[in-house]
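*Asks:* Kindly produce the complete structure, drawing on both the sequences and the hints.
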Amino acid sequence: MKEPIIRLQGVNKWYGEFHVLRNIDLEVARGERIVVCGPSGSGKSTMIRCLNRLEAHQQGRIVVDGTELTDDLRRIEAIRRDVGMVFQHFNLFPHLTVLENLVLGPTWVLKRPRAEAEADAMKYLERVRIPEQARKFPGQLSGGQQQRVAIARSLCMKPKIMLFDEPTSALDPEMVKEVLDVMVNLAQESGMTMLCVTHEMNFARKIADRVIFMDRGEIIEQGRPEDFFGNPRNERTRAFLGQILH
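Here the sequence shown stands for residues 1 to 246, where the numbers follow the numbering used here.
Careful: at least some of the hints might be erroneous.
[Said to hold, decoys possible] Only pairs whose alpha carbons sit at most 20 Å apart, straight line, appear in this in silico EDC-like list of lysine to aspartate or glutamate:
| # | residue 1 | residue 2 |
| --- | --- | --- |
| 1 | 206 | 227 |
| 2 | 123 | 181 |
| 3 | 158 | 118 |
| 4 | 136 | 126 |
| 5 | 123 | 178 |
| 6 | 2 | 27 |
| 7 | 2 | 25 |
| 8 | 158 | 126 |
| 9 | 177 | 166 |
| 10 | 206 | 166 |
| 11 | 123 | 100 |
| 12 | 2 | 68 |
| 13 | 160 | 3 |
| 14 | 177 | 126 |
| 15 | 160 | 77 |
| 16 | 160 | 65 |
| 17 | 160 | 120 |
| 18 | 206 | 221 |
| 19 | 206 | 181 |
| 20 | 136 | 100 |
| 21 | 136 | 120 |
| 22 | 2 | 209 |
| 23 | 160 | 189 |
| 24 | 2 | 32 |
| 25 | 2 | 82 |
| 26 | 111 | 82 |
| 27 | 158 | 65 |
| 28 | 2 | 65 |
| 29 | 206 | 178 |
| 30 | 111 | 77 |
| 31 | 177 | 189 |
| 32 | 158 | 77 |
| 33 | 158 | 120 |
| 34 | 160 | 209 |
| 35 | 160 | 27 |
| 36 | 160 | 82 |
[Claimed, not checked] FRET-style restraints, in silico, Cβ to Cβ:
| # | residue 1 | residue 2 | range |
| --- | --- | --- | --- |
| 37 | 14 | 39 | 17 to 27 Å |
| 38 | 15 | 72 | 15 to 25 Å |
| 39 | 17 | 111 | 43 to 53 Å |
| 40 | 205 | 239 | 13 to 23 Å |
These aren't lab readings, by the way, just hints derived from the structure by calculation.
Glycine included, C-beta positions come from ideal geometry on N, C-alpha and C.
*Replies:* Dropping the structure here:
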């Protein structure tokens with residue numbers, strides 16, 4: 001078996017007295033697409049934010065593409081170069097145009113020539129279907145368009161892994177589909193390793209190799225979408241799906 005690109009072993013995290021992650025064991029294969037779901041407060045977002053050290057775990061090991069995450073800043077920076085992240089809120093710089101938002105990371109962090117970074121940026125704006133918005137500012141775009149810019153910005157760093165933290169939860173319902181369509185196309189075309197925290201179960205059915213259900217800081221159940229949705233084994237999983245699918 002090939003070495004997993006992500007491995008979590010016995011990972012625990014607390015916020016004060018609150019035990020937010022409990023003995024998390026997880027391996028993610030290179031190119032695997034995983035959807036993480038569960039009720040609010042179950043630790044989903046915290047778990048994926050630990051993968052690029054936006055949150056620090058207190059016990060256990062996290063290894064990303066052969067590098068263990070520790071307090072060593074050089075290791076953290078190396079991992080963040082390979083791990084793109086798209087948040088609930090778009091986190092775009094409002095005073096920069098769409099194009100300037102996209103070229104900032106490649107030119108400053110990766111030291112790519114400006115012309116090369118702009119050519120890449122336009123390619124990824126084409127990929128998320130908004131190249132005509134390149135010269136606009138984020139405030140001139142809809143929420144769905146801003147989220148597509150955020151996805152393109154992450155792709156410009158050419159990451160090996162993409163993390164999505166509830167990327168549609170801040171969007172109006174009519175904008176959700178346009179962002180999910182972009183993510184489906186990305187998943188189907190890229191072969192990139194993806195972990196997505198979402199309540200969009202149709203998206204999970206369509207793109208996931210594996211669905212993980214978390215509750216109270218634990219991974220309760222995981223499996224292929226057809227098994228997860230068709231024959232969930234755990235009572236908590238069945239209760240969650242009963243609420244979210246009806």
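*Asks:* If a hint holds in the structure, say so; if it doesn't, say that too.
*Replies:* Going down the list of hints, with the structure as the test:
no. : hint                    : verdict
1   : 206 <-> 227             : 13 Å, holds
2   : 123 <-> 181             : 17 Å, holds
3   : 158 <-> 118             : 14 Å, holds
4   : 136 <-> 126             : 15 Å, holds
5   : 123 <-> 178             : 18 Å, holds
6   : 2 <-> 27                : 11 Å, holds
7   : 2 <-> 25                : 17 Å, holds
8   : 158 <-> 126             : 15 Å, holds
9   : 177 <-> 166             : 14 Å, holds
10  : 206 <-> 166             : 16 Å, holds
11  : 123 <-> 100             : 14 Å, holds
12  : 2 <-> 68                : 17 Å, holds
13  : 160 <-> 3               : 14 Å, holds
14  : 177 <-> 126             : 18 Å, holds
15  : 160 <-> 77              : 14 Å, holds
16  : 160 <-> 65              : 9 Å, holds
17  : 160 <-> 120             : 16 Å, holds
18  : 206 <-> 221             : 19 Å, holds
19  : 206 <-> 181             : 11 Å, holds
20  : 136 <-> 100             : 10 Å, holds
21  : 136 <-> 120             : 17 Å, holds
22  : 2 <-> 209               : 17 Å, holds
23  : 160 <-> 189             : 14 Å, holds
24  : 2 <-> 32                : 12 Å, holds
25  : 2 <-> 82                : 19 Å, holds
26  : 111 <-> 82              : 15 Å, holds
27  : 158 <-> 65              : 15 Å, holds
28  : 2 <-> 65                : 12 Å, holds
29  : 206 <-> 178             : 15 Å, holds
30  : 111 <-> 77              : 14 Å, holds
31  : 177 <-> 189             : 18 Å, holds
32  : 158 <-> 77              : 15 Å, holds
33  : 158 <-> 120             : 10 Å, holds
34  : 160 <-> 209             : 17 Å, holds
35  : 160 <-> 27              : 16 Å, holds
36  : 160 <-> 82              : 5 Å, holds
37  : 14 <-> 39: 17 to 27 Å   : 19 Å, holds
38  : 15 <-> 72: 15 to 25 Å   : 23 Å, holds
39  : 17 <-> 111: 43 to 53 Å  : 44 Å, holds
40  : 205 <-> 239: 13 to 23 Å : 19 Å, holds
When held up to the earlier numbered hints, the structure conflicts with none and fits them all.
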